[in-house]
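Trainee: Take a look at the letters that make up each chain.
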Amino acid sequence: MKDPAFLEGYRDAELVKGILKQIHQRVTCHWSLMEICGGQTHAIMQSGLDQLLPDAIELVHGPGCPVCVTALELIDQALWIASQPNVILTSFGDMLRVPGSQGDLFSIRAAGGQVKVVYSPMDAVRIAREKPDQQVVFFAIGFETTAPANAMAVIQAEKLQLSNFSILPANVLVPPAMHAILSSPGNRIQGFLAAGHVCAVMGYWEYPSIAEKYQVPIVVTGFEPLDLLNGILKTVTLLEAGEVRVENAYPRAVTYEGNQAAQDLVKRVFEPVDRNWRGIGTIPKSGYGLQKQYRNFDAGQRFDIKELHTEESKICIAGQILQGRKTPSQCPAFGTQCTPYTPLGAPMVSSEGACAAYYRFRRKH
Amino acid sequence: MCLGIPGKILTIYEDHGTKMAEIDFGGVRREACVEVIPDAEPGDWTIIHAGFALNLLSESEALETLEMLKEMSELAEQEQPEPRE
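Keeping their order, the protein sequence lines are chains A and B.
Just so you know, we're using the numbering used here here: the first sequence kicks off at 22 and counts up by one.
Just so you know, we're using the numbering used here here: the second sequence kicks off at 1088 and counts up by one.
Next comes chain B alone, as it looks inside the complex (with noise of 0.2 angstroms):
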């Protein structure tokens, strides 16, 4: 239910006073209420549920966590080597 999809926002427009979007859900593209990221344009990503767009998608901060996550991976091999054969 709470199933939330990435997409990305290609066109805004308004269908009887409401905010909607076209979105790109990595090739399928379908229609989205975005009444609530009054800030969003195209080009930004978006997670929609329900057909209802929740928030934006921040890309710097989807790759800060990576960078820290790389990091702890990394140190969670220095702290245990591997074995040696």
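So here's chain A without its partners, still in its complex pose (with noise of 0.2 angstroms):
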């Protein structure tokens, strides 16, 4: 069964002929875009948008890859606890292989620890509902998008009275982050694509007063071809035009308010703390901590983790990867030492790693 037509109409190949035609029509000069979102850095390469695009259209990936971001000392702490006894640590896919001081989670589960793969937050509840004699963590990473399902585990987990569940947070948030890059010195981000699932969640109310802030056009943007080729149309035409606003490219999922039900519950169990970007550093307020009445579900502090001694690789560049500041391609290690098999760093493991994108899609520029 294939997709009904209101979705399908989004892969359209004649009419993504024709609205990149009208890219083409209105650019007069280069202009350098950011999206966010991993997840539409593989859709763009996925769908070879990059290559069709006018040359003057410079796509800048974001840090919008939450394996990537998160902080060396918290999968460090992850690796810690999952080596632990009577400790079963569940975790999304895409983290097993992301490279800590010293090996990966999959490291571990190789030398007997109990290491589970869960496709949603409520599974790794689940699980500790069924192995009531061992302690069940949560590696929750994630950005807003994810927020909502690791808020959810966390009530489930008190409504069953749950003794043994606990989730390591690892949240981030966006907004936070945009400020971040367009506050840095040498910013040449001129208009951003912001995330569609993001932004289904939290809406786009808080984006106005960062385009007013730094004089930057954002436009919500969803994940198919069209819907790229939309958000990128309507922030050319507004840089074209020197207009700066807030422009919603993919309204068949985002309300400017956004899920209020999805919000709520986030606010109940978390609190914006300030949090350790890998490769960026410290951006305050940027993640999500567990409010004060939930902290008894807190991994970090359920288990005694010992300082631990962090070192990153010295040749991979994943930091600069991230902030937009070179591409994959130009790293000295990308594609011989680094591939997703062997990854020196965290943009080659995930599926929205930009480095992984570039490797898997055959990007040489």
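Please keep in mind that the hints were generated in silico from the structure rather than gathered at the bench.
Be careful, since some hints might not be right.
[Said to hold, decoys possible] Now the in silico label distances, taken between C-beta atoms and shown as ranges:
no., chain 1, residue 1, chain 2, residue 2, range
1, B, Gly1130, A, Lys152, 36 to 44 angstroms
2, A, Ser334, B, Glu1164, 47 to 55 angstroms
3, B, Ile1099, A, Gln312, 26 to 34 angstroms
4, A, Gln72, B, Lys1106, 42 to 50 angstroms
[Unchecked claim] In silico BS3-like links for lysine-lysine, alpha-carbon gap of 25 angstroms or less:
no., chain 1, residue 1, chain 2, residue 2
5, A, Lys234, A, Lys306
6, A, Lys38, B, Lys1157
7, B, Lys1157, A, Lys42
We put the beta carbon where it would ideally sit given N, CA and C, even for glycine.
Now that you have both chains on their own, put them together as the hints suggest.
Mentor: So this is what it looks like as structure tokens:
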């Protein structure tokens, strides 16, 4: 069974050609746009849009890959937790091959640690319910998109009175990262494609003040080829007209206010905390920590984690790639020492990482 | 990570006090939590991420955007006719 016309239409090749033509007609000078979301980076490369757009449009890949920006110390904590007896560490599959200071979750599993891949945080709660004699920890990474599911897992565990469930909170937030990028010296981003599924949850009421402050148009953008082109067309049209505004090119999933019930759920469980982004540094109020009444579900408190010595790869330039300063092909290790099978840095691991996208779709530039 | 897959809600039920649904993803059926889309009904379309519904999908908005894109595309054809052979 294929998707209905209202969804299938967003992959229509003739329409893609028409919108591309519009973009080519409108562009008169060079513009640097950032797609925040790593899922969009992959969608752009998979459909080859980067090669069909005018050369004057530069797409800079943003830090929107939660696996890539999860701080090394949190990964090391997860590795430590996973190697404890009577503990099951649960995680999204992407996280397993991300290198910590020493090894990854796969190597912990190979050494006898219990590491389980889950499709949803709620699956981790189910495992905790089924194995009351084991401590079950969920590695709660993700952006605002994943925060409601992570919050729901905590609420479910509370409802079921599970004393053997906890999370390692690692959620990160998009708007503080946009502030960090736009206020960094040498910033060259002139327009943003905002991440559609983050906005499906959060709405886009946070963006007009960012657009205003830094004088950049921001367009909420979806993930199908026509969604991406629509977002790019709207952004370029605003830039060419010298207008600064926030527009929504993904209205079938996103409203200005967002999903209020989802935001309420997140607020009930989490509060904004400062967070260290791998390769970028600490960004104020850019992550979610557990609210006071839910801190008994914080794995960081439940386990007596000793001070861990963290050490980054000396060759990997992931930080510069995540900030849009370099492209993966500018890395000396790209495709040689560093491949998705033997990654030196997280962007080569994740299905959303820019390095993995370049490797998979064989981009040289 | 922020991968969201559109799916059609088949049935809605409660599991341990949490609102869940069976979702049809183009023939593949999976369970997802629909706690934050309180107005959802069977037959509605939603976006699922990590086993969790993010929002309802609006069919009318989807068609409206497509219609707008078609007009834009036609405009591009008119503005710059193909060179004659």
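Trainee: What are the numbers of the hints that this structure violates, sorted from low to high?
Mentor: No hint contradicted; all consistent.
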